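**Student:** Letter by letter, the chains look like this.
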Amino acid sequence: MSDVLLQAENVGIRFGGLQALEGLNLTVRDKELCCIIGPNGAGKSTFLNVLTGTLRPTSGSVRFLGHDIAGLPLHRIARLGIARKFQIPSVFPSLSVEDNLKVARWGASSPLRPVGELLELVALDSRATTLAGQLAHGQKQWLEIGMALAIEPRLLLLDEPTAGMTPQETLATAEMLLRLKGEFSIVAVEHDIRFVRALNCETLVLHQGRRLRSGPFHDIETDEMVRDVYLGRR
Amino acid sequence: MIARDRNWLLIFAACAALAVVYPLFADGYQLTVIRDALIFGMFAASLDFFWGRTGILCFGHAAFFGIGGYIMALITLNDAIPFGSLLGIVGAVAGAALVAAIIGYFLFFGGIRGSYFTIVTLAMGVICQQAAVSWSSVTGGDSGLIGIPPIAFDVGGIHVDLSQDLPSYIFVASIVAVVVLALWSISRGRWGTVLTAIQDNEVRAAALGHNAPLRLLVTFVLSAAIAGLAGALYVCMAGLVAPDLSGLLLSTEVIVWVAVGGRGTLLGPVLGAIAIQRAQQTISSFNPSLWPLLLGCVFVIIVFVLPDGILSIYARLKGLFKGRRQAQ
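Going down the list, the protein sequences come from chains A and B. Residues are numbered in my numbering as their position in the first sequence, beginning at 1, plus a constant of 24. Residues are numbered in my numbering as their position in the second sequence, beginning at 1, plus a constant of 530.
Accuracy of the hints is not assured; some may be wrong.
[Said to hold, decoys possible] What the simulated footprint calls covered on chain B by chain A, stretch by stretch (three residues with Cβ under 8 Å from a Cβ of chain A suffice, anywhere in the stretch; the number is not a length):
#1 577-588
#2 716-729
[To be verified] Which chain B residues face chain A? A few, computed with CB under 10 Å, are given here:
#3 R734
#4 A735
#5 A737
#6 L738
[Claimed, not checked] Computed far set for chain A versus chain B, every beta-carbon distance over 10 Å:
#7 N34
#8 N49
#9 D123
#10 L143
#11 E144
#12 L195
#13 M200
#14 I217
#15 H231
Read the hints as simulated data drawn from the structure, not as lab findings. As the structure is a prediction and not an experimental result, all values here were calculated from the model. All C-beta atoms, glycine included, are put in the ideal place defined by N, C-alpha and C.
Whole structure, please, built from the sequences with the hints as guidance.
**Tutor:** Written out as structure tokens, the structure reads:
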């Protein structure tokens with residue numbers, strides 16, 4: 025279909041004797057928001073690494089806008105329109121917040137948003153001249169999201185964007201992403217169910233490297249098997 | 531303009547003014563001593579441009595200095611080649627840049643970084659020095675090549691001859707000033723900021739669309755080209771080239787000059803090179819064997835007391851007085 029941005033088909037990956045992922049399918053359409061959840065060791069981050077081309081699947085394929093991106097250098101993947109937020113806040117600590125965003129814009133093939141707008145978007149306009157290394161953990165996470173936005177991506181992949189955040193910061197991050205919904209596609213790997221509930225989007229549940237369930241979050245939340253394996257019963 | 535840039539320009543202007551008035555007070559010998567120290571200062575700035583901005587240490591930087599020197603010597607000693615001085619400089623710069631491009635390509639695109647890069651470049655320096663000794667039919671072997679003519683060329687009908695002390699001093703000081711200013715402009719602009727980002731987190735920079743290995747390679751090549759230029763100028767001023775100019779000792783000394791002067795400041799390494807060269811000559815005149823011991827001690831003291839080099843003394847004193855005032 026013409027609006028398909030990212031298509032992962034029958035993806036499997038094996039590390040020695042460990043089958044980390046098996047038979048995973050994911051289709052991300054243009055401007056779609058979706059989440060990948062699952063317990064620890066389910067293979068969420070591994071799947072994200074495959075989706076970003078960092079890891080080459082041992083079976084299946086990942087295509088972005090029709091291109092096979094497995095094994096491409098990171099900068100080429102970014103220039104194709106895929107931005108990524110890493111699990112551990114990954115900023116440039118010896119540069120100011122403003123310079124972090126500038127460096128991100130310089131990497132883009134056609135940056136559109138000015139730095140001032142990005143600063144407002146990630147609520148760091150009052151910290152523009154602060155060194156990124158001196159920011160609080162949650163602010164680093166936001167700065168990294170801002171850097172990912174600066175390259176004007178077609179697809180934004182977020183690996184645990186709210187890890188280490190306070191409940192208030194988590195909700196603020198969800199609101200930020202909901203504001204951005206409709207500008208580009210977003211795939212978020214997340215542990216925090218409050219965050220996923222706030223996004224209330226299409227959700228893929230992984231368990232032991234396989235798809236357990238997929239569908240709208242309100243269906244997932246009430247699914248017996250998902251509650252048994254991951255969410256737990258109240 | 532931010533305060534750090536303004537301070538740098540003030541120090542640069544002060545150094546330039548000192549360089550302009552120095553010939554009024556110095557005799558011919560003193561001029562040649564400072565001239566040669568300035569060339570080594572430019573060599574130190576070339577290493578600092580790479581090491582200071584990328585955080586990757588090249589331990590064989592003298593190889594590029596030596597390559598530039600040998601190419602300059604071979605071209606200017608060949609009477610059949612016209613415009614020997616100009617072609618020699620172009621050849622020296624291009625030769626050093628080409629060697630850096632070949633070695634750098636395999637290292638940077640092969641993912642070699644940190645101490646592995648340092649070790650490989652250390653080996654490169656040893657190989658270059660050994661090649662200069664062994665390939666005696668071209669390089670003159672252990673004794674090197676002598677009788678290299680001073681730089682001379684015509685510009686717009688004016689004959690420039692750098693065989694005299696004052697013209698050669700002015701020529702070298704001007705080139706060093708232009709090179710240091712150009713490197714500083716590159717360092718503080720977009721290129722330098724992205725290099726700082728790559729030094730901080732190369733994977734993050736790549737994930738934002740920056741071709742990190744290519745940027746590192748271009749910086750390395752530019753750094754080597756300037757080292758080659760310094761080598762070319764030095765052999766014309768000294769009149770000889772020898773394997774020591776591409777050896778491990780010079781590679782180590784230039785690291786000390788940069789560390790003492792202040793890594794990442796570009797001006798600091800130039801001042802560090804001049805200060806250490808002058809100190810070496812003064813101390814060696816009393817006792818030649820004392821110098822290496824003193825140099826080692828100075829290096830250790832600087833690393834412990836002033837890890838950011840001598841150029842950071844002002845900032846440290848300012849911080850100290852500010853702290854005392856706040857305590858009162």
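**Student:** Compare the structure with each hint and give your call.
**Tutor:** We went through each hint and held it up to the structure:
1. 577-588: violated (count 0)
2. 716-729: holds (count 6)
3. R734: 5 Å, holds
4. A735: At about 7 Å, which falls below the 10 Å cut-off, the nearest Cβ of chain A leaves the hint on A735 of chain B intact, so it holds.
5. A737: 5 Å, holds
6. L738: 4 Å, holds
7. N34: For N34 of chain A, whose nearest Cβ neighbour in chain B is about 26 Å away, the distance exceeds 10 Å, so it holds.
8. N49: 25 Å, holds
9. D123: Check fails; 6 Å does not lie beyond 10 Å.
10. L143: 17 Å, holds
11. E144: 20 Å, holds
12. L195: 26 Å, holds
13. M200: About 19 Å separates M200 of chain A from the closest Cβ of chain B, which puts it past 10 Å; holds.
14. I217: Since the minimum Cβ distance to chain B is about 27 Å, I217 of chain A lies beyond 10 Å and the statement holds.
15. H231: About 28 Å separates H231 of chain A from the closest Cβ of chain B, which puts it past 10 Å; holds.
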